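Q: Residue strings, one per chain:
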Amino acid sequence: MVFLSVYSAIVHKMSAAPSFPTGRLAPNPTASGAGEPSMNLTDYLRQNQKAILKDWFQTVVDAYPAETAAFLRKEKDPFANPVGSSILEGLQGVYAQVVEGVQEEQVAPFLDRVIRIRAVQDFTPAQALSFVFSLKEVVQSRLEEEGRLPEWAEDLRAMEAAVDQVALMAFNIYMECREKVYELRVEEVKNRTARLLERANAIWASQREGEGSQEES
Amino acid sequence: MAKVPKADELAKVNHRPPQTPWTETPVEFRPGTFCYGAKPKNLEVVGLPNPRDWNPTDEDWKLPDDWKDITIKGMKDRLDKFRTFKLFMDICVRCGACADKCHFFIGSGDPKNMPVLRAELIRSIYRKYFTGSGKILSKYAGARALTEQVIKEWFYYFYQCSECRRCSVFCPYGIDTAEVTIMARELLNELGCTIDWTAGPVANCYMTGNHLGIQPHAFKDMIEFFVDEIEEVTGVRVEPTFNRKGAEVLFITPSGDVFADPGTYTLMGYMMLFHEIGLDYTWSTYASEGGNFGFFTSHEVMKRLNAKMYAEAKRLGVKWILGGECGHMWRVVNQYMDTMNGPADFLEVPKSPITGTVFENAKSTKMVHIAEFTADLIRHGKLKLDPSRNDNKIVTFHDSCNPARGMGLFEEPRYVLKHVCNHFHEMPEGTIREKTFCCGAGSGLNTDEYMEMRMRGGLPRANAVRYVHEKHGVNMLTTICAIDRAVFPALMDYWVPGVDVTGLHELVANALVMKGEKKRTTDLRYEPLPGMEDEEDDDV
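Taken in order, these protein sequences are the chains called Z and S.
Sequential numbering from 1 applies to the first sequence in the working numbering.
Sequential numbering from 1 applies to the second sequence in the working numbering.
Since the hints were made in silico from the structure, they are not lab data.
As the structure is a prediction and not an experimental result, all values here were calculated from the model.
By construction, the Cβ of each residue, glycine as well, lies at the ideal position given by its N, Cα and C atoms.
It cannot be assumed that every hint is accurate.
Which residues of chain S face chain Z? A partial, calculated answer using Cβ under 8 Å [as the list claims (entries may be wrong)]: (1) G107; (2) P111; (3) D261; (4) A464.
Produce the complete structure using the sequences and hints provided.
A: Below is the structure:
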């Protein structure tokens with residue numbers, strides 16, 4: 001529900017007040033791409049969202065072995081394929097934020113969807129987070145193919161700045177996830193024998209009344 | 001000045017695995033993805049081979065000099081002895097139906113966790129040494145030589161299978177990959193390559209009767225501690241007995257419920273229920289463990305540890321055995337006990353002294369699952385229940401792999417749940433009942449050093465919980481397995497914060513209206529019952 005409401009809030013925001021945080025992506029009156037003189041990069045990213053997301057998703061799942069990548073791409077049941085569906089949901093949300101303006105509290109749940117998984121998979125930190133940066137590559141190579149790069153160079157820099165902003169948040173989330181894993185490990189070791197120690201009075205007896213500090217318990 | 005790489009250059013990381021065939025890609029032991037090797041003292045206690053100090057990250061695993069002969073001979077013995085093993089080595093057509101059904105594959109994305117490929121790790125050796133085509137055509141027939149690297153690979157991946165059997169549900173040939181894992185682990189055990197998280201509990205259980213090695217007086221002391229806690233919450237003093245000869249029923253449950261939350265609340269639930277119905281039962285301080293980590297070691301060790309249940313039942317002269325909420329205990333009881341250590345002709349076919357119901361399904365093993373027992377009590381109106389006491393809990397139910405796929409126990413726990421709480425929601429079809437996803441830490445993998453891998457393996461289950469958490473506000477995950485109760489708190493904390501974990505009989509005990517009880521203001525966790533929040537404040 002949380003996810004759905006955050007997502008619909010973003011979709012709503014997309015139609016209500018689209019803007020880049022830097023404000024550098026203003027409509028470019030001199031743009032002359034494909035017979036759409038007033039089109040800017042934001043419009044382009046909106047119009048081509050489906051295709052770009054597909055490329056981005058493909059790049060991300062290609063980080064997995066070939067057999068796994070095929071499964072992550074093809075299996076549509078989110079319960080049979082939680083990794084693929086989480087990555088897709090996460091990328092969709094992050095993309096909307098990059099296009100319409102990054103708001104920390106709104107992009108975080110989407111980043112979390114992807115990073116929480118990759119933080120415990122067989123990736124180095126760099127590998128786990130490289131998916132954020134690959135959006136730049138995907139957009140850039142697409143614009144290059146279509147010959148739009150020179151015309152939107154400035155807009156592209158603004159978009160890349162937005163991606164960098166997302167990347168910085170991604171570092172935080174990644175660390176939170178890793179720290180959580182270590183914390184869980186410590187907690188589990190403590191709980192395993194907590195009742196025994198409690199019974200042996202090795203733990204301060206008033207712990208149950210909540211008088212003891214965290215350290216003491 | 002040094003060249004500073006640009007962001008897009010930094011992002012160009014080659015995260016593709018090496019482009020070598022799977023047979024030639026060595027495993028890498030990264031912390032968090034493997035369990036520690038068995039300590040020598042734990043192997044010595046039960047006489048298992050090659051006790052030594054070692055760690056999977058060591059280059060030299062200190063295998064016996066004739067390790068290769070031991071392994072090949074071990075395979076031959078088992079191929080001759082176990083027809084299933086022979087069949088499972090021969091009949092797989094690699095259709096791929098199982099490939100994407102393993103929770104470890106789904107969560108990790110590692111193709112060697114596809115059940116078909118995991119089995120292929122040992123099949124390739126079988127072909128090389130036991131089939132004509134493999135001997136002659138070698139790798140062209142899918143065969144490969146046995147090397148130390150293969151042993152390391154077996155250790156890595158066969159301790160990455162939780163023997164949950166989900167894949168076997170989908171196999172058109174009925175290949176039970178769990179049995180392949182069981183065989184592989186037996187072979188690894190012959191070389192002393194087992195994990196300490198199973199070897200330690202096995203040694204403790206063999207010496208003192210339970211996984212933690214708690215001696216009889218301390219075990220009794222712990223149970224009595226809960227008597228005080230129950231009295232504090234309910235005002236009723238229950239009176240358990242220990243090693244009492246002539247009791248009608250022997251009660252056995254996993255020792256995890258005695259020593260670690262939240263299993264402890266489930267244990268209090270059992271005691272309250274038995275007191276309320278006046279069950280003539282006793283605990284044994286020797287058969288003080290329902291779990292059997294011998295099952296994750298070898299048939300022989302499993303048999304030795306299991307024998308104490310019948311031995312205690314015989315010594316105490318009980319009529320039948322009642323078993324608590326445990327996972328693999330029930331697989332051992334339901335599938336192996338009767339032929340391993342039975343038949344237990346000295347016991348009677350279990351009959352509920354309260355309802356008169358005869359448990360025909362347990363006619364052979366003489367051991368009844370507590371969910372069946374309680375469901376029968378409720379069905380006959382023998383319990384006074386107030387489910388509104390659990391109204392602050394929005395509950396879902398996790399089918400533990402072994403009771404679900406090992407004995408088909410689907411309806412009874414749900415029947416009980418629906419009578420003791422008002423808010424119950426199923427997780428999506430495809431993740432429950434016979435298709436249930438494992439907790440990611442069964443078969444002796446529930447150790448803390450394995451946390452990262454557990455998070456991978458538990459992802460599919462957590463993902464389904466997340467769905468009901470967001471859709472229905474589920475805040476309590478119910479389960480009838482002690483390993484589940486031990487590992488789900490960490491799994492939920494990582495993937496679905498806000499969902500707590502409980503055993504079935506903790507909820508039963510909350511709802512149970514006991515004769516002579518005081519006005520209940522809290523549940524067993526000392527948390528206020530719905531509507532009693534203010535009264536709690538007044539007490540403090």
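Q: For every hint, state whether the structure bears it out.
A: Do the hints match the structure? See the list:
Hint status for G107/S relative to chain Z: holds, with the closest Cβ pair at about 7 Å, below 8 Å. Hint on P111/S holds. Least Cβ distance to chain Z is approximately 5 Å, under the 8 Å limit. The interface hint given for D261/S holds, since its Cβ lies 6 Å from the closest Cβ of chain Z, which is under the 8 Å cut-off. Given the 8 Å rule on beta carbons, the hint for A464/S holds: about 6 Å separates it from the nearest Cβ of chain Z.
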